[in-house]
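Asker: Produce the entire structure from the sequences given, and follow the hints as far as they go.
Number -2 in the working numbering belongs to position 17 of the sequence shown; there are no gaps in the numbering.
Hints may contain errors.
Simulated DEER-style distance windows between Cβ atoms [unchecked claim]:
hint, residue 1, residue 2, range
1, R30, M(-18), 35 to 41 angstroms
2, M(-18), T3, 29 to 35 angstroms
3, L26, E(-14), 23 to 29 angstroms
These are computed hints drawn from the structure, not numbers from a lab. The beta carbon of each residue, even a glycine, is placed where N, CA and C say it ideally should be.
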Amino acid sequence: MNALEERLDYPFGETLPHLGGTMDVAPGVKWIRMALPFQLNHINLWLLR
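Answerer: Printed below as a string of structure tokens:
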């Protein structure tokens, strides 16, 4: 691991929303992992209230 990687903070740890599901990340903000049918297997989408 390099010095920059050591400084990263992952507030949700290994917790991820299920593909196609949502996860609350802040008041009024939801995170969606949307599956894709090719090598790039997902994208992250954000729902803002």
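Asker: Decide, hint by hint, whether the structure agrees.
Answerer: Here is what the structure says about each hint:
no. : hint                               : in the structure
1   : R30 <-> M(-18): 35 to 41 angstroms : 36 angstroms, holds
2   : M(-18) <-> T3: 29 to 35 angstroms  : 31 angstroms, holds
3   : L26 <-> E(-14): 23 to 29 angstroms : 25 angstroms, holds
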